[in-house]
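Number of protein chains: 2
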Amino acid sequence: MVSLTEGQKATLSPNAIKFLENVHHLPFAGLLSNFLTMPSRVPSLRQGVEAKMAPGEADLIAKHGLQLKEITIANVPVVVIEPPVIHPEKESKILFNIFGGAFIMGSPRDRAALTMAAELGIRVYSVNYTRSPEAKYPVARDQCFSVYRALVKEGPPGGLPIDPADIYTMGSSSGAQLLLSMFLLARKEGLPIPSAGAYLCTPAVDLSGAGDSTVFNARDRDIMPYSLLYSMVAQNYFEEGVDLQDPLVSPIYASYDTWFPRTVITVGTRDFALSNGIRMYWKLREAGVETELLVSEGMWHGFVWDPVVPEALTARAAVIKFMQNKK
Amino acid sequence: MVSLTEGQKATLSPNAIKFLENVHHLPFAGLLSNFLTMPSRVPSLRQGVEAKMAPGEADLIAKHGLQLKEITIANVPVVVIEPPVIHPEKESKILFNIFGGAFIMGSPRDRAALTMAAELGIRVYSVNYTRSPEAKYPVARDQCFSVYRALVKEGPPGGLPIDPADIYTMGSSSGAQLLLSMFLLARKEGLPIPSAGAYLCTPAVDLSGAGDSTVFNARDRDIMPYSLLYSMVAQNYFEEGVDLQDPLVSPIYASYDTWFPRTVITVGTRDFALSNGIRMYWKLREAGVETELLVSEGMWHGFVWDPVVPEALTARAAVIKFMQNKK
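The listed protein sequences derive, respectively, from chains A and B. Each residue of the first sequence is one higher than the last, beginning at 0 in numbering that gives the first Met the number 0. Each residue of the second sequence is one higher than the last, beginning at 0 in numbering that gives the first Met the number 0.
Treat the hints with care, since some could be wrong.
Under the rule of at most 25 Å between Cα atoms (straight-line distance), these lysine-lysine pairs were calculated in the PhoX-like manner [to be verified]:
1. K89(A) <-> K51(A)
2. K320(A) <-> K320(B)
3. K8(A) <-> K17(B)
4. K17(B) <-> K282(A)
5. K320(A) <-> K282(B)
6. K17(A) <-> K282(B)
7. K282(A) <-> K320(B)
8. K282(A) <-> K8(B)
So these bits of chain A aren't anywhere near chain B, every CB distance computed over 12 Å [what the hints assert, rightly or not]:
9. N14
10. A57
11. E133
12. L190
13. T257
14. I277
Computed from the model, here is a short list of chain A residues facing chain B with C-beta under 7 Å [said to hold, decoys possible]:
15. T4
16. Q7
17. S12
18. P13
19. G157
20. P160
21. V214
22. T268
23. S274
24. E291
25. V294
26. E296
Honestly, the hints are just simulated from the structure, not real lab data. In this text the structure is predicted, and so the values were computed from the model without any measurement. For every residue, glycine included, the Cβ atom is placed at its ideal position computed from N, Cα and C.
Start from the sequences and build out the full structure, keeping to the hints where you can.
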């Protein structure tokens, strides 16, 4: 059960209350986290999540009339999601998306990708990177980078190179770690950064565990105990001896400058990643980057993709507004 | 003691860690809160705070060369704080300030007022309203309103009426409740709203106790147990039977529109009022008001006025930037 008092319910929508009341943590998840997330258990963890998410994904595809195809770019599978109508001004633009799921779960055609294709009205290129433990850091990041480089150097199969100024970017949770690590690699290699606008959704930009919210939202407030997430990542994604404060691993520790695209960040007060979002906001702001931080009352990790919770709809509308740069 | 883990320390400045390590809650404050805050104890509570704050206030006055005088406007004492140099473009402008202190403590020449006079470089009119229990709701609000009305109708003693467009406003904690209640009263009475820019510092805009952060920051995270604050207000400020969801009492429940001035809000993640700030941000934003929410990692109620903590200096610089409307 998630802790939820009457005073807390008073500032939540009925949909959000219903959602939180249906969250059931595994008993003793904290004590058992290493066992529950060991590599041999990953297939069943994935299966559980996929079974839970599939109906909602199918609904979104049907509701918005989205077309999906899987292509290969730079030897990496990529899912292209296309809305039925694309505004002329967005015809040449794309959203480059990196999905989340603690590096071990998740899908390039998840709610995040589908929802943004529909609501931003844009073609989404969603990298189907190899998850962990099959691939460990930095394989997934390098795959994302290879796809990005191919898109701006050669273009998608049968198309022309895409102008980095026409590329929006998005990363959710662990996907934001991959995205920023990819930006930093692109900088190192002298490749231009995609600059149409970046969306960091509840970003896991510090994998060291530091931060206020990784403590106060660790147990009975967010949708998953933080120890479980941490064990997932530690046991499956990292090679032995990785430096968790290496900026390519935990991009909060990198230096940024005005090369970084204008950025919007969403988090919630129940979110273990709240502090990540706040720290990234100040880091980018102090670097002179146009940044907007959207913090939602009582919301959990990844809440923003919920199809009915009003708080999610409000936050998404604000993200879309920022991405479209409409004042 | 305030709870503070190594992971939390990792995202705080050494100054902030030192501050938090020196916070000592009264033992059994939760159980004893009604006793500790009963009206007969208010004088000693005030004395304790004043003794603690006086040296810092004297330092600020000396350091910035501030001039203070006490005048009377509409039969209400007002402290005018003047910085040694006022930029010509700010000569005609003022900051109308309402101090905080749970309605029972605090002073019109507190760190907030002195710091803003110096850092915004502006004359501050700081209303010395009657605190509780000597005066109960809505006496203080009505005093603030009378001062504001006199300033825009007749001007300060010996001066000309002040254009509401030249009036910045600020309210800290309970001061923000008074400020917004005053705005709502001004609207009712057909008086123009001060429109140069509003600063809601860790605003106590919901006195009903609702919100996520009044729960998770209630005990060992903020600088004062929330039950103590709540008892202070309940026992001293409210008349019996007051409706805590009356918009004039808890201005989060009012309706706003674009008559509301452009507004900046600061809160911290340890702050009991975090949710108040977040909710107010969305409320104003959804009403079409230009609003900026600044959430600081690991910061406590009122942190922003600390003279040395780097997180406070950063947040204040962002507030000043917003108030000066510099892009």
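Hints and how they fare:
no.	hint	in the structure
1	K89(A) <-> K51(A)	violated, 33 Å
2	K320(A) <-> K320(B)	holds, 23 Å
3	K8(A) <-> K17(B)	violated, 35 Å
4	K17(B) <-> K282(A)	holds, 23 Å
5	K320(A) <-> K282(B)	holds, 17 Å
6	K17(A) <-> K282(B)	holds, 23 Å
7	K282(A) <-> K320(B)	holds, 17 Å
8	K282(A) <-> K8(B)	holds, 17 Å
9	N14	holds, 16 Å
10	A57	holds, 31 Å
11	E133	holds, 30 Å
12	L190	holds, 30 Å
13	T257	holds, 14 Å
14	I277	violated, 5 Å
15	T4	holds, 5 Å
16	Q7	holds, 5 Å
17	S12	violated, 12 Å
18	P13	violated, 15 Å
19	G157	violated, 42 Å
20	P160	violated, 33 Å
21	V214	holds, 5 Å
22	T268	holds, 5 Å
23	S274	holds, 5 Å
24	E291	violated, 9 Å
25	V294	holds, 5 Å
26	E296	holds, 5 Å
Going through the hint list in order, the structure does not satisfy hints 1, 3, 14, 17, 18, 19, 20, 24.
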